[in-house]
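Trainee: The residues making up each chain are set out below.
There are 2 protein chains.
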Amino acid sequence: MKQYLKVNEWSIIEDSFDPNNQELSESIFSIGNGHIGQRANFEEAFSGQTLPGSYMAGVYYPDKTRVGWWKNGYPEYFAKVLNMANWIGIDIKIDGETLDLARCKVDQFYRELNMKEGYLLRRFTATLDSGKQIQVEAQRFTSLARPEVAAIMYAVTPVNFAGVITFTPFLNGDVMNRDSNHGEQFWDEVEKYHDGHGHLAGLVMKTKKLDFYVCSTMTFEVFQGDLNKGALTATANQVTHDKFVGQSVDVKANKDERVTLYKYITNVTSRDHAVADLIQVGRRRADEARSAKFETLLSEQKQAWAKKWEESDIIIQGDPAAQQGIRFNIFQLNQTYTGADERLNIGPKGFTGEKYGGSTYWDTEAYCLPFYLSTADPKIARNLLIYRYRHLEKAKENARKLGFKEGALYPMVTMNGEECHNEWEITFEEIHRNGAIAHAIYDYVNYTGDVDYLGEYGFEVLAEISRFWSERTNLSTLKNKYVILGVTGPNEYENNVNNNWYTNRIASWTMEYTLQVLTDLRQRDPKRLQELLDRLQLTDEETNNWQHIIQNMYYPTDKSRGVFLQQDGYLDKEIIPVKDLPAQELPLNQHWSWDRILRSCYIKQADVLQGLFFLGNQYDLETKKRNFDFYEPLTVHESSLSPCVHSILACELSYQDKAYDMYLRTSRLDLDNYNNDTEDGCHITSMAGTWMSVVYGFGGLRVKEGRLHLQPLLPKEWQSLSFKVVYRGALIHVHVSKDGVTVHNETETPVSISVSGENFDLGAHEKRTARTV
Amino acid sequence: MKQYLKVNEWSIIEDSFDPNNQELSESIFSIGNGHIGQRANFEEAFSGQTLPGSYMAGVYYPDKTRVGWWKNGYPEYFAKVLNMANWIGIDIKIDGETLDLARCKVDQFYRELNMKEGYLLRRFTATLDSGKQIQVEAQRFTSLARPEVAAIMYAVTPVNFAGVITFTPFLNGDVMNRDSNHGEQFWDEVEKYHDGHGHLAGLVMKTKKLDFYVCSTMTFEVFQGDLNKGALTATANQVTHDKFVGQSVDVKANKDERVTLYKYITNVTSRDHAVADLIQVGRRRADEARSAKFETLLSEQKQAWAKKWEESDIIIQGDPAAQQGIRFNIFQLNQTYTGADERLNIGPKGFTGEKYGGSTYWDTEAYCLPFYLSTADPKIARNLLIYRYRHLEKAKENARKLGFKEGALYPMVTMNGEECHNEWEITFEEIHRNGAIAHAIYDYVNYTGDVDYLGEYGFEVLAEISRFWSERTNLSTLKNKYVILGVTGPNEYENNVNNNWYTNRIASWTMEYTLQVLTDLRQRDPKRLQELLDRLQLTDEETNNWQHIIQNMYYPTDKSRGVFLQQDGYLDKEIIPVKDLPAQELPLNQHWSWDRILRSCYIKQADVLQGLFFLGNQYDLETKKRNFDFYEPLTVHESSLSPCVHSILACELSYQDKAYDMYLRTSRLDLDNYNNDTEDGCHITSMAGTWMSVVYGFGGLRVKEGRLHLQPLLPKEWQSLSFKVVYRGALIHVHVSKDGVTVHNETETPVSISVSGENFDLGAHEKRTARTV
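Respectively, the protein sequence lines represent chains S and U.
Here this note's numbering is used: the first residue of the first sequence is 139, the next is one more, and so on.
Here this note's numbering is used: the first residue of the second sequence is 139, the next is one more, and so on.
Everything labelled a hint here was simulated from the structure, so no lab data went into it.
Wrong hints could be hidden among the right ones.
Same chains, same names: a pair is fine if it fits in one copy or spans any two.
As a list, the in silico DSSO-like pairs of lysine-lysine whose alpha-carbon atoms are at most 30 Å apart [said to hold, decoys possible]:
{"id": "1", "residue 1": "Lys493", "residue 2": "Lys344"}
{"id": "2", "residue 1": "Lys539", "residue 2": "Lys493"}
{"id": "3", "residue 1": "Lys717", "residue 2": "Lys762"}
{"id": "4", "residue 1": "Lys209", "residue 2": "Lys493"}
{"id": "5", "residue 1": "Lys717", "residue 2": "Lys617"}
With the hints as constraints, model all of the structure from the sequences given.
Mentor: Below, the structure is given as structure tokens:
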């Protein structure tokens, strides 16, 4: 845990420069717009420790998979998010001396991620070896309004001298991934061009595999002193070498005279444009951006972010650290995925690092979907579902590859529908992911009421997943029950267990829900149902078999404690609460051998409790309480996805302090570098879990039978909590304070609502205060 | 399965040349002498598919370990057997045209591994592109009598022309391992020298890590026509380049005139000599070999092998394929390990390939020890035990690394006592290896009666292993029994199971035996015991705890079937006999995903049955029968170590046909390439299992309370079976035929013996025939 950032409700602020924090700050101060993401690397040269990261959504690399010991069924490749051409670069020389913060004295350093307006700002004073001192101000953003555009303002002011400042804005495709086998590079240069007079240059790079083309274009203007004097017009000098194009401009600056460079960049890809058009499109967009000017683009940016905040802000009064935490999470989520492109999804690190390869995990369905459901147009959540629908054939192939005759097994990790992870205990065994994908369909339909989705897309996915489950179970003649052997549950600190309760339950639930959808479709749209049954060749015999499995599924339980057992044999372990472990042995994954972890009773992340959260409407409070009381003390929360679920359940059980503890653990995970790994990138998907812990947890939001339920619980540390949710065409503003709960319908659409057990309809623009929480 | 070799009782013979079989033959026709091993690569150039392999015992390379996903506790390196300098090489040119069997027409090809006399012979006629035809005869061996010496005879006869034959014998250190990450080479050249007049050259190479030095020295003589005319004396031309030294000699040969080159090679290492002395020692040994002459060295070799066969031959009459199989196994075992160097051990592939890195596995204790116990001086088996004693500190470190406070966990795979394998399910979980190491001590003492070993070495190892077991168990409050969670048993088609019967049993047995040894020592040598207890700080409290665990160990069982259960939950699986699987799906490891294998009931190698074999004296025949009848039909024998155990138990149960089937499967595994992988090297350690299946199986040999028991069962396919065993100073010749069992004591030492239940003492040189089998 490392706390060096200032608490501020709207910004992340670093007010001194410590090179040891640079990679960590690079993650935290990342900017992005769903199309492109950029770590907070410096524009100018930096010879200190840094993880360069410029990432473009949907552009990946099928790298040779690193495998210690091959197992049949492993994928051939591991997809990697690609560090693409450095487009932020602006080399600075002062009378020939390179500016490099690792090699000069830095004072008055200030870095701010302004979340309200969506930009990154940096100011500092640097004293070079020569004794020359400059002030620098740099500001940049990736435009939400124009996804292919980014802009940088970079101003240098000589403090104690007059001299020549050389600016060399550049595009550099000679980049590496840190996560590369043996230093291999992933990009080839295709073309570059340069127009010194026009202050314009472009670079087209192509990935060595899969042929993704990315054209980066830059154009720039330099102003000396007063901006109103107009841009300098001197022809820039070309600086090119392999995979690199730059232009340099010398400016003779007086003491205290600010010289400002505006760099306008576009990054366009063959995912969106014909390869032949890339240069032209890039150039046009760049020209448009330059014509619009930095201030106009920035103003568009502020407006776009204002709209995002209007939809998704959460206000916590009385607890600035908690306020900053939740806003940071919402900000990063909105930077990562906008829903504009249905081919995209949400990687665990978003665009803030290479780890997890930018691929899609079950995180999307299990943790991210609710955020987008409640804060954005429903079609965005729908797109996340359709993403999996489009991968159905690949998921069927994946099941075939593992030897299943029927059904679909979605991959654990994927970029294009194919599995690209190779740990047998995860790849082959963490099959519960299939359940989360089914549950997300339920979640979406339950929230939005969009039952048409089921006939259109949902049923096919559900049916193929149910088929997988039915083949993956087997009848234990010993138990005379259906069992699921050899799985890894959500708790990855157990591998290859039998009858993981969560997996058995979510498998059975999938089949139940599929049959329910089938029955509903038979009522609502028999013609479409018949089409589907024909296409799927789904027979009564098969659905009867599902019914039989549902009725005879085995669930491990401990009757004496009245709890569900995480898996067979769990009670053979030594059961010692986490609090009794020596503090210096935590986190376990940094101190214990894998062998010891596996044999221990300690739970990495919610497992039985994950099921009680997902299927919360099927279990009474007493059951939840018994299981929470049993499992919470044994859970080490060494997955970022764990505390949010415990926080939500703790709210439901009115365990205020536990809920608040768990909330802090999730909401400031990256800002306080809780897991000591944020330098690799931010934990983007768990940020959606943080959002849930506020809205589902402290807000107590649920949707039951078409009614929006709220059951708020205000932590004693907070004066009030406000959030907005989009619900079936309405925008509901919820305000929770010690005095009560106010719900305000900010739209024309009436909604059925329940607040703290009181049911009512909330009409257009109606505001109502319910009884005290 | 591939059968292209001729059946012959004393030789392996290939009588035509198929380049597709070359790598397979290279493995099978390997020669070695415990000090050095050499695949049957050709002396002359060969541009076809080949796996060059020259290996020196004890010289290894700690290569960077290949890991997909790191787990805490993994070792830093993987030890590899090193392909060292090619010392067999003799380049042949005919009027400048290179001889290369991949590029010429080959007739009358004949390759023989003469097991009786210990040499490799090859003859062929080659027609070159030019139409020139030559006859070649090549013979070589690695000397048993002079372990650092090897010799090659290479004769060329022009068939249809007269011309210049250029011989270039060489030493080439520019070699690779196939099993190398990214083509890295492992050797650096240190020094080379050359004496053209003396027909002598040397090359000193050093490994890039660990600084093993190997000096290869060659000297040679060339004879034209009649050998009596004396060697040619022309000065040889030097041919050197990086890591390579050779000498070439041109001989103008007449048609039909045989030109013969004798190459004498020594390979000496810094393991045995001071680095500064290597060149001198190598040169002296090479000079001595040349002075002795090839025929003398070959005659020494025949004598040395005659002695080996005298001790260890098995004669099977009436079944030449079975005869050839067992002799091949005995031959390879004797080539691999002679016991001369207690620092050495037995790698699963011996010196016949790179696979398994030449490292030591539990194979040594579980499968190899009995062979050496019964066919060689007891100090050889003792050396194998002392090897582990010397690694005790490393085994304790290994346990500490995994978080154990006490005790020793021997590595799964090792070259120097450190673990060098990195699959968690094997490295961390296949802990039953500790039990095999303890059991080997019992086995040795039981067979030899050398109780002094226990006080000297054995007890410390046993105590530290028992300590590990006691910490590795935990009390299940649910079962009120001690359990062992998260293990992989001998059957590697199950991972991370709870309460593997074999592991629980061997753990408990180790503690029982350790306590028994402690009690015996207290009687026999209380002073030594006190020294040991003090050194180990072993208290009554600790041994009482072992006692408590022994008495309360949990053993999974199926009471209804009366069988031990391989592990908890085994009966939840679908139980379908192997014979009901589609034949095309076997072997499973080539057709099924790992996921499917893990969940299936199929057993890779003897697991419960391994325990019933090891601890055979503790279980009655009925128990063995019930377990055999249950597990044999579910066993796929996809480990080479499996059929021998089943064969032995089948003999005990008088299942003649099953025993014979299993015997064939093990004894001709490599000759018939049963597992389709012998090109990687021969299955050396399973060859000792084959030996056991004859002597322990069909011979029914056991030692009980100091008496040698024989309970022969002659397969109906055999007329007779004869073997010899060394037992407590006596050499007993056992002959089993349809008429009865004859035992002949070929020594002065009387022995207590039991044949088919009849007990008697067999005096000096006494021969006795027992009742019909």
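Trainee: Hints first: check each against the structure and report whether it holds.
Mentor: Going down the list of hints, with the structure as the test:
{"no.": "1", "hint": "Lys493 to Lys344", "verdict": "within (22 Å within a copy, 39 Å between copies)"}
{"no.": "2", "hint": "Lys539 to Lys493", "verdict": "both (27 Å within a copy, 27 Å between copies)"}
{"no.": "3", "hint": "Lys717 to Lys762", "verdict": "within (21 Å within a copy, 48 Å between copies)"}
{"no.": "4", "hint": "Lys209 to Lys493", "verdict": "both (23 Å within a copy, 17 Å between copies)"}
{"no.": "5", "hint": "Lys717 to Lys617", "verdict": "between (36 Å within a copy, 25 Å between copies)"}
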